[in-house]
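If you read the sequences in order, they're chains A and B.
Numbering that gives the first Met the number 0 applies: residue 0 is where the first sequence begins, and numbers increase by one.
Numbering that gives the first Met the number 0 applies: residue 0 is where the second sequence begins, and numbers increase by one.
Honestly, I wouldn't trust all of these hints.
Said to hold, decoys possible - Straight line, CA to CA, 27 Å or less: simulated BS3-like cross-link-like pairs of lysine-lysine:
| hint | chain 1 | residue 1 | chain 2 | residue 2 |
| --- | --- | --- | --- | --- |
| 1 | A | Lys254 | A | Lys204 |
| 2 | A | Lys323 | A | Lys217 |
| 3 | B | Lys282 | A | Lys5 |
| 4 | B | Lys284 | A | Lys5 |
| 5 | B | Lys202 | A | Lys231 |
| 6 | A | Lys384 | A | Lys331 |
| 7 | B | Lys201 | B | Lys47 |
| 8 | A | Lys231 | B | Lys73 |
| 9 | B | Lys255 | B | Lys240 |
| 10 | A | Lys380 | A | Lys301 |
| 11 | A | Lys358 | A | Lys380 |
| 12 | A | Lys324 | A | Lys384 |
| 13 | B | Lys55 | A | Lys231 |
| 14 | A | Lys308 | A | Lys324 |
| 15 | A | Lys204 | B | Lys73 |
| 16 | A | Lys5 | A | Lys186 |
| 17 | A | Lys324 | A | Lys356 |
| 18 | B | Lys202 | B | Lys73 |
| 19 | A | Lys308 | A | Lys331 |
| 20 | A | Lys301 | A | Lys358 |
| 21 | A | Lys1 | A | Lys262 |
| 22 | B | Lys202 | B | Lys240 |
| 23 | B | Lys48 | A | Lys231 |
| 24 | B | Lys55 | A | Lys204 |
| 25 | B | Lys201 | A | Lys231 |
| 26 | B | Lys201 | B | Lys48 |
| 27 | A | Lys254 | B | Lys73 |
| 28 | A | Lys231 | A | Lys254 |
| 29 | B | Lys73 | B | Lys47 |
| 30 | A | Lys1 | A | Lys186 |
| 31 | B | Lys47 | A | Lys231 |
| 32 | B | Lys255 | B | Lys231 |
| 33 | A | Lys384 | A | Lys333 |
| 34 | A | Lys380 | A | Lys331 |
| 35 | A | Lys324 | A | Lys301 |
| 36 | A | Lys1 | B | Lys284 |
The hints are simulated quantities; they were obtained by calculation from the structure and are not laboratory data.
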Amino acid sequence: MKADPKGVLTGEHYLDGDHACSEGAIAAGVRFVAGYPITPSTEVAERISERFPEVGGIFIQMEDEMGSMAAIIGAAWGGTKSLTVTSGPGFSLMMENIGLATMLETPCVVINVQRGGPSTGLPTLPGQADMMQARWGSHGDYEIIAVSPNSPQECFEMVIKAVNLSEQYRVPVMVMTDECVGHMTEKVVIPPADQIELYPRRYTKLPPGEYLPYRVGKDMVPEMVKAGDGYKIHVTGLTHDERGYPDMNWQMQEKLVRRLVDKIRLHEDDLLDIEEMQMDDAEIVIFSYGISSRVSIPALQKARREGIKVGLLRPIICWPFPEKKIRQLAEKMKAFVVVEMNYGQLYYEVERCACGKAKTILVPHGGGWVHDPEDIYQAIKEAAK
Amino acid sequence: MKAVDTLQTQEAAEHPMESILRMDRIPHIWCSTCGIGTAVTAFAEALKKSTIPLEKVTVVSGIGCTGRVAGYIKLDSFHSTHGRAIPFATGLKLANPELKVVVFSGDGDISGIGGNHLIHAARRNMDLTVLCVNNFIYAMTGGQVAATTPLSANTSTSPYGNFEQPFNLCHLAESCGAVYVARWTALHVRRLARSMSEAMNKKGFSFIEIICPCSTLYARRNRLGSGLDLMKFYHDNSVIKHGADTRELEIEYQKKIVVGKFVDRERPSFMDAYNTWMRGRLKEKFVEHGGPQC
Numbered sequence: 000m001k002a003d004p005k006g007v008l009t010g011e012h013y014l015d016g017d018h019a020c021s022e023g024a025i026a027a028g029v030r031f032v033a034g035y036p037i038t039p040s041t042e043v044a045e046r047i048s049e050r051f052p053e054v055g056g057i058f059i060q061m062e063d064e065m066g067s068m069a070a071i072i073g074a075a076w077g078g079t080k081s082l083t084v085t086s087g088p089g090f091s092l093m094m095e096n097i098g099l100a101t102m103l104e105t106p107c108v109v110i111n112v113q114r115g116g117p118s119t120g121l122p123t124l125p126g127q128a129d130m131m132q133a134r135w136g137s138h139g140d141y142e143i144i145a146v147s148p149n150s151p152q153e154c155f156e157m158v159i160k161a162v163n164l165s166e167q168y169r170v171p172v173m174v175m176t177d178e179c180v181g182h183m184t185e186k187v188v189i190p191p192a193d194q195i196e197l198y199p200r201r202y203t204k205l206p207p208g209e210y211l212p213y214r215v216g217k218d219m220v221p222e223m224v225k226a227g228d229g230y231k232i233h234v235t236g237l238t239h240d241e242r243g244y245p246d247m248n249w250q251m252q253e254k255l256v257r258r259l260v261d262k263i264r265l266h267e268d269d270l271l272d273i274e275e276m277q278m279d280d281a282e283i284v285i286f287s288y289g290i291s292s293r294v295s296i297p298a299l300q301k302a303r304r305e306g307i308k309v310g311l312l313r314p315i316i317c318w319p320f321p322e323k324k325i326r327q328l329a330e331k332m333k334a335f336v337v338v339e340m341n342y343g344q345l346y347y348e349v350e351r352c353a354c355g356k357a358k359t360i361l362v363p364h365g366g367g368w369v370h371d372p373e374d375i376y377q378a379i380k381e382a383a384k
Numbered sequence: 000m001k002a003v004d005t006l007q008t009q010e011a012a013e014h015p016m017e018s019i020l021r022m023d024r025i026p027h028i029w030c031s032t033c034g035i036g037t038a039v040t041a042f043a044e045a046l047k048k049s050t051i052p053l054e055k056v057t058v059v060s061g062i063g064c065t066g067r068v069a070g071y072i073k074l075d076s077f078h079s080t081h082g083r084a085i086p087f088a089t090g091l092k093l094a095n096p097e098l099k100v101v102v103f104s105g106d107g108d109i110s111g112i113g114g115n116h117l118i119h120a121a122r123r124n125m126d127l128t129v130l131c132v133n134n135f136i137y138a139m140t141g142g143q144v145a146a147t148t149p150l151s152a153n154t155s156t157s158p159y160g161n162f163e164q165p166f167n168l169c170h171l172a173e174s175c176g177a178v179y180v181a182r183w184t185a186l187h188v189r190r191l192a193r194s195m196s197e198a199m200n201k202k203g204f205s206f207i208e209i210i211c212p213c214s215t216l217y218a219r220r221n222r223l224g225s226g227l228d229l230m231k232f233y234h235d236n237s238v239i240k241h242g243a244d245t246r247e248l249e250i251e252y253q254k255k256i257v258v259g260k261f262v263d264r265e266r267p268s269f270m271d272a273y274n275t276w277m278r279g280r281l282k283e284k285f286v287e288h289g290g291p292q293c
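Chain B extracted, bound-state conformation:
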């Protein structure tokens, strides 16, 4: 009898992430064993430990499976168009530099259709944190080949295997000027959460690639087993190598995955560079943009 009581009490207890999640939108749409939920948990963990006031944190997503993250996070959250999460976030950040703006979206959204915005936001060192879930596939539309699909992997639009060279996202982000670059898998939950905290506290453009299992499409088409099998694969094949040369971070089909924090450097952010430059040029005529103006 006592055991039943305890169980009921537990059921009535709050979900540990209730302060961060929109509980009125649960259950979410993600498949069981999808890695996006794990990435969201790590993000919620990072937010709970963060000293940044939650009302100043804003999440912007694009379109796709990860694009749905904005809808489940209980913060000011924006579900924008395919590929345009980064420029949307750019406008938001520049309108109110007090905001901590986090872009949470997928590999197709950020590096495929939105690749141009990724490279330019990194170049400008726009003060944004980009969390890019990489599941190697366009999952929302049923599993098509992506700019991140490893060579030879099978997808619904590469039925004979992918022959295109995929992006090395961490190398791309570093080359374009990101000041913080890391990669983790959905298995590395604690390290991922810590990395997210670091990225959010870093001024300038920070980028984290999160390798996630997609059991419904990527694993099934490639006969890689269940989501759990993919997690086992990450366990056996990921190598932590902080400070690794990002040129060596290419992901080959079912080969080892190098994870870690690769870049952590200083460079003036867009807003800092703008203010310093304009004050130098215009002297007392310069009026700093002081946040929301209407």
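Isolated chain A, as found in the complex:
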């Protein structure tokens, strides 16, 4: 289905990443946003609160992030696409209910404009250290999807993509941007609504009585209903059967949790979204995402000028991890240079998938500022030795 033209600001704009996220959400058909103010993500909520009354959406500033996350899950079951936005400390508070969204298989989106941590850390300065938390920050075993935009234009596009993926896989999707991308202002082109494809909610066609909330077909994703349609469903965060009824034993746990994991892991090929730059003849790959991928470009160019065959691989979808791609590259590449604003998060995934077949070098950064391209260049030179 196509986007509703009423919400889409078609044209060229000069927007920061946060505001572009808001416009992406509106274009994607999100009409319920619950949030709690937190730097550097607040501008997303501010713009939503201004725009929503004109497009029939409801914004509510909740009392905390636990409430925000719970509210967007409730709203999704009420039949409205929903989203929340936060940064590190708020992301931590959302974790329990992100687990609930995963368990209930609720389509919803969480935007995390990452700042430096741990704890209060660097509220106004960038970080990329919530990547593992995005993956497994809630207790128990599960898989989610996470995207990482590196420009305001991509913030717009990735929020739409996140909403679509959340509908397709019925899973919470994390948009892992960062303070730099959130606060940088660039040209954002918003296409006409009829060029924005939306994934419709997977409502069942079965009548009440025949429908089971958690019966799945081959793609492992159940069909949904919304409250008020007469299905009288029960859903619970307890381990449950196809009817949605609690069934707490190891056999049901195996069946349910394995499916929650597999419905993402086994779709890794469909969920591969990477950008490649100068990879044709590359022997060394810079692996980087978000703002760090842009800071890596001057280092790549400098190394290229010196004849080093280096390319850039940017995962746009970070979770599920592009495992097969890294394994294939490891067969022919000399080294991976991983550039991220933490002390090794996606790096260890790269190292695991490279399996010792290619060298892996981390260019770490604690956050608060971006990498010095010189440090990345030095790592490329070391890799080329």
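Given the structure of chain A, go ahead and fit chain B onto it with the hints provided.
For chain B alone, kept in the frame of chain A given last:
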């Protein structure tokens, strides 16, 4: 022979609440003489008499003994996380204002871990009915001290008696802005059911505290006898006082319990206030949220 036939016919007859309960989930997990079942019966009674179409009524529970209510009611029902039933219900209601959303949960869930949501939902006059079963204890986890445990009562984490001042939930709800506040015990089944009907028909934030016996943990640890003894206690010690000043509704250990309807007032609900305000400010640019959008 005839008597046996009658008995068999009776056995085959429908449970009187079958239209409201998920009979395929019975037997329930509650202990015998627990008051939660009585509260559920009163709720089922209220629903049967209600003119609200049942497919538009939704129940949201949190975690705990009362948290299991959502699982037994044959309506769209959601068993959420500990303390978050009210914000979950808030999202549900705002996504589809046509729904009648009832939060059915315990004192620990609603006033302990979820206390922040309780006060803010009341402040906003969110259009929700909150049914809060108060058994004075964290029962699901084995009987620990709660924000509602009366002074001096013994629990597994207050083995020398509770020295913390408990919440006066009705006063809290009123102070924060609830438009309907009542308290009943599990003994007052008819009044409770009537009160639930009133609360569900009230626009805005309605709150009912339901004092319930927990014989397995609260009564046993405090040597108060059986669940039946607690019901006798309610019979002898509860005083109906409609319109009572909620400041005077504190519950002291094994002292009188004031019950009744204390607050019934008018104030624009969140959704009404939102629509009125935005239309006033944005004029024809305002687009009202018209229910489910996907």
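Now for the hints, and whether the structure bears them out:
1. A:Lys254 / A:Lys204: holds (25 Å)
2. A:Lys323 / A:Lys217: Distance ~22 Å between Lys323 of chain A and Lys217 of chain A Cα, so the pair holds.
3. B:Lys282 / A:Lys5: holds (17 Å)
4. B:Lys284 / A:Lys5: Since the Cα atoms of Lys284 of chain B and Lys5 of chain A sit roughly 12 Å apart, the hinted pair holds (cutoff 27 Å).
5. B:Lys202 / A:Lys231: holds (23 Å)
6. A:Lys384 / A:Lys331: holds (16 Å)
7. B:Lys201 / B:Lys47: holds (17 Å)
8. A:Lys231 / B:Lys73: holds (6 Å)
9. B:Lys255 / B:Lys240: holds (12 Å)
10. A:Lys380 / A:Lys301: Roughly 10 Å separates the two Cα atoms, so the pair holds.
11. A:Lys358 / A:Lys380: holds (13 Å)
12. A:Lys324 / A:Lys384: Holds, at roughly 24 Å.
13. B:Lys55 / A:Lys231: Measuring from Cα to Cα gives roughly 9 Å; hence the hint holds.
14. A:Lys308 / A:Lys324: holds (19 Å)
15. A:Lys204 / B:Lys73: Holds. Lys204 of chain A to Lys73 of chain B sits at ~21 Å (cutoff 27 Å).
16. A:Lys5 / A:Lys186: Distance of about 22 Å is within 27 Å: holds.
17. A:Lys324 / A:Lys356: Holds, because 14 Å separates the two Cα atoms, which is no more than 27 Å.
18. B:Lys202 / B:Lys73: holds (23 Å)
19. A:Lys308 / A:Lys331: Holds: Lys308 of chain A and Lys331 of chain A sit about 13 Å apart, inside 27 Å.
20. A:Lys301 / A:Lys358: holds (21 Å)
21. A:Lys1 / A:Lys262: Holds - the C-alpha atoms of Lys262 of chain A and Lys1 of chain A are around 26 Å apart, at most 27 Å.
22. B:Lys202 / B:Lys240: Since the Cα atoms of Lys202 of chain B and Lys240 of chain B sit roughly 23 Å apart, the hinted pair holds (cutoff 27 Å).
23. B:Lys48 / A:Lys231: holds (19 Å)
24. B:Lys55 / A:Lys204: holds (20 Å)
25. B:Lys201 / A:Lys231: Status holds; Cα separation ~23 Å.
26. B:Lys201 / B:Lys48: holds (15 Å)
27. A:Lys254 / B:Lys73: OK: Lys254 of chain A and Lys73 of chain B at ~25 Å, within 27 Å.
28. A:Lys231 / A:Lys254: holds (24 Å)
29. B:Lys73 / B:Lys47: Given that 27 Å is the threshold and the Cα spacing comes to 12 Å, the pair holds.
30. A:Lys1 / A:Lys186: holds (23 Å)
31. B:Lys47 / A:Lys231: holds (16 Å)
32. B:Lys255 / B:Lys231: holds (12 Å)
33. A:Lys384 / A:Lys333: Given pair Lys384 of chain A, Lys333 of chain A holds - Cα atoms ~10 Å apart, limit 27 Å.
34. A:Lys380 / A:Lys331: At roughly 18 Å apart (the allowed maximum being 27 Å), Lys331 of chain A and Lys380 of chain A satisfy the hint.
35. A:Lys324 / A:Lys301: holds (26 Å)
36. A:Lys1 / B:Lys284: OK: Lys1 of chain A and Lys284 of chain B at ~23 Å, within 27 Å.
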